[in-house]
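Residue numbers (my numbering), protein chains in the order written: chain A, 1 to 308; chain B, 1 to 282.
Relax, there's no trap hidden among the hints.
If the Cβ cut is set under 8 Å, some of the chain B residues that face chain A in the computed set are: (1) K21; (2) T28; (3) R122; (4) L124.
In silico BS3-like cross-links for lysine-lysine, where the CA-CA straight-line distance does not exceed 27 Å: (5) A/K108 / B/K31; (6) A/K116 / A/K127; (7) A/K130 / A/K116; (8) B/K112 / B/K35; (9) B/K35 / A/K108; (10) A/K54 / B/K114; (11) A/K120 / A/K171; (12) A/K120 / A/K177; (13) B/K279 / A/K210; (14) A/K130 / A/K107; (15) A/K130 / B/K36; (16) A/K116 / B/K19; (17) B/K112 / B/K126; (18) A/K107 / B/K126; (19) B/K35 / A/K127; (20) A/K6 / B/K126; (21) B/K279 / B/K202; (22) B/K114 / B/K279; (23) A/K120 / B/K114; (24) B/K112 / A/K127; (25) A/K120 / A/K174.
Worth flagging that the hints you see were computed from the coordinates, not collected in a lab. Idealized CB from N, CA, C, for every residue including glycine.
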Amino acid sequence: MGVVIKGENLSKWYGNVLGLSEISVEISGGIQGLLGPNGAGKSTFLKILTGQLKPNIGEITIFGEPVFNNHEIFHRIGYCPEFDAYYREVTGWEFIRFKSALFGYNKKETDDRALKALDKVGLTDSKERKISEYSLGMRQRLKFASSIINDSDLLILDEPLRGVDPLWRIKIIKMLKEFEAEGRTIIVSSHILAEIEAMTNNVILIHQGKIFAHGDIQEIRDLIGSHPHRISVVCDDTRGLAKKMISDDLLRNIQFMDSEQKVIFETDKRDRFFDTLTATISGSGISVSEITSPDDNLQSVFDYLIGR
Amino acid sequence: MPIREEGYYNWEGTLSKSKIKWFPIFTTGIKSVYKKRFSKLLFATASSLFFVFLIALYVSSKPELKMMSRLVKMISSDALLFRTYYTNGFLVFMCAMISVFAGSELISNDLKHKSISLYLARPLSKLDYITGKFSIILFYLMMFTLLPGLLLVIFKVIFTGDFSAGLALLVKSITFPVVISLFWASLMLMLSSLSENGRFVKIIFFVAFFLSQMIAGMFWGIFRNDNFMYISIEKNIQQFGSFVFGTPLEFRAPGWISGAILLGLTALFLLILAYRLRKVEV
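Take these sequences, add in the hints, and give me the full structure.
Have a look at this one:
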């Protein structure tokens, strides 16, 4: 799998404020979630990716080519910015057609691509309405449509689902997964972790201008040794199960929640724990109705990493 | 452990590219200015001067008609015709109005809506962006300066049956409105890049226009020195016009200096515009 984006020692300052600090990153195909709290450096990173900012230090290449001042590369990149970046007095069609025309297509291709993009986001019927009459979700979909006009190899989306209704959220996520299956690269920035989790397990966590973690969320979780895994088990005999699970070095803590018939185990050795748990349950006659791992979600990993 | 195995492919197709990348900005801008409220009224008012000159041209070809004698005298030669038309106070003011109408929001609106990022995330350079915006103002300015000027030449030939203007004069009559339009367009775009507020841009533009005349008039009144007329935008345009067309100068001072001032200011405005856009990190 080829490297699509390669950044080396990227640093960006805004006066005395640090935007990015010595970020080195390699991104291959597929959907890549870009996560971080507000002010973490996500937008700075995306602006550097889209050639709108030049890093003070470091270099970035996309498809092996430099980005800054390399306008031709944008034939292969689609970008959906964070802000509502359009004139509201024009119609949806005028907006999307103009954005299509900026790629330099001939008239027919411009119209065809604009129509296709509008159709994909379900705005064909309202294309003649002024953007000022659109809801936030419709404007967001229109913005998303403008980023997929050129069937780009790389799609960069800054908070693409903000304000989009649940139905279209699902449709857009499905569309992005289809793009991924076609072999495209998609970078999605968001601070809503559930959105990212619905799209991909592969994330870049940015905080304070640095990349805190990059890779598969489960693998990242496994590397966080300082925070034990929590496994919740709902069963008819929580204390009996706990008694059988106790061994010298497997558990760090056990917490009973009798009202919910739940027991929460804390362990540093997740794989061994699950082996033991499976063996214990199968031979004990205890009836288990639920096993969950609340720490394995993105929110927990994110909280651990940024020290919340 | 690999996360996925779909594999990335390199696209090897041929892109259909337009050489005039700024053209969509131009066409879209032209339409949006035309759709603005009061556009027809403004354009009709700006064209009225052409029709006055057209009647005067017709009258000048018919000595038996005793009307508009003053204007007829002012356009008695081709050089005077162009000079009087292009540097007419009404047309200068209308050029200022058209610049404001067509250009005050061209960049300020993009700044306000943060939409420059959408332009620059396309295969467009900042130069393409500026050129596209520039072309919109230039189109409307030339529609009411260069185009009517050339039409006057054609009608003069039709009315009088001869064309006495030489090639040099014809070149001057094309170059002069282009230079003046470039001046107005660069001033307008530079001001538009300074603020997100289009109304503020309009006010600053008119303040600059009228203040230059007021200050020039004030200093001239105090010191009775014609050199102070170089402060006025309108007087510089008129002086430069007189210089280009070889007609009596507007005030007693070298005419080429007005040309140098206008060209120098145009260059300065473009530099400021480029600097502003370079600073815009969208």
